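Visitor: Sequence:
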Amino acid sequence: MSELPELPELDGDRRARAIRSFVRREGRITDAQADALERLWPQYGLGPMPDGEHVHPLPLIDFAVAFGRVAPLSLEIGFGNGERLAQAAAAHPEINHIGAEVHRPGVGRVLQEVEKAGLGNVRVMCADAAEFLRTTAPKGAFCEVVVQFPDPWHKTKHHKRRIIQPAFVATVAEALAPGGRFKLATDWAQYAEHMLEAIATEPRLKNLSPDGRFVPRPDDRPLTRFENRGLRLGHEVADLEFIRL
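Sequence positions in the sequence shown follow my numbering and run 40 to 284.
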């Protein structure tokens, strides 16, 4: 990963808003992915169509209208190429699944899969999910929020860019309905410890691990290509799951 410019020192909430957990460095978008974006965004997209240059803020969204029905809402943040999102939507048709991703190739690929599988219970946004949760997401509306293998930002000076921070965890707690789940996974041991520490600051979330640390790999979490790559490199995967009190 190339070096990033140092951020200016800001105070309080201004600094929190200025630091993003992602950088727009998307790879090449294929013709098929670009075609899927063009054709399918009006049906499955939420908010402005991604243009490859900007991450636009999301307007208020009526999810009952967007999905054409009222159902429990699941939000997956940073779905990558969409393997888990598509499989979860197929396995749980009773849930409305929302995927947030800032890179167009992944959005295009999951739209291809959604069309191929005929998944009417998936909608995608190309947006800053942390900003969405802070501003326009309905409070207490989600049955789960999923963050799988977020960028670990492994250099110490970049740890401030990690998405799992106490302020973000508080917004997740506000977005979850009582009994809702916050599900995470990472293949970076140090980030796993950071996640535990950050989420421990939120009293509305209870760790579902009996020893207060990690849970077994859930049966319904697919072994994705990204995870397989980490395992080949010798990384151990940690799963975490919390319930909203």
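Just so you know, the hints here were simulated from the structure itself, not pulled from any lab data. Hints may contain errors.
[As the list claims (entries may be wrong)] Mimicking BS3-like on lysine-lysine, the simulated pairs with C-alpha atoms at most 27 Å apart in a straight line are:
#1 Lys-245 with Lys-222
#2 Lys-178 with Lys-199
#3 Lys-245 with Lys-199
#4 Lys-222 with Lys-199
#5 Lys-194 with Lys-155
#6 Lys-178 with Lys-245
#7 Lys-196 with Lys-155
Quantities reported herein were computed from a predicted structural model and do not represent experimental measurements.
Visitor: Hint by hint, say whether it matches the structure.
Guide: Quick rundown of the hints versus the structure:
1. Taken as a hint, the Lys-245 and Lys-222 pair is honoured in the structure, with Cα atoms around 12 Å apart against an allowance of 27 Å.
2. A distance of roughly 25 Å separates the Cα atoms of Lys-178 and Lys-199; the hinted pair therefore holds under the 27 Å criterion.
3. Under the criterion of a C-alpha separation no larger than 27 Å, the hint pairing Lys-245 with Lys-199 is consistent with the structure, at around 24 Å.
4. Taken as a hint, the Lys-222 and Lys-199 pair is honoured in the structure, with Cα atoms around 21 Å apart against an allowance of 27 Å.
5. For the proposed pair Lys-194 and Lys-155, the alpha carbon gap of about 40 Å is over 27 Å, so the pair is violated.
6. Of the supplied pair hints, the one linking Lys-178 and Lys-245 holds, its CA atoms being roughly 18 Å apart against a limit of 27 Å.
7. Taken as a hint, the Lys-196 and Lys-155 pair is broken in the structure, with Cα atoms around 42 Å apart against an allowance of 27 Å.
Taken one by one, the earlier hints fail for this structure at numbers 5, 7, listed in ascending order.
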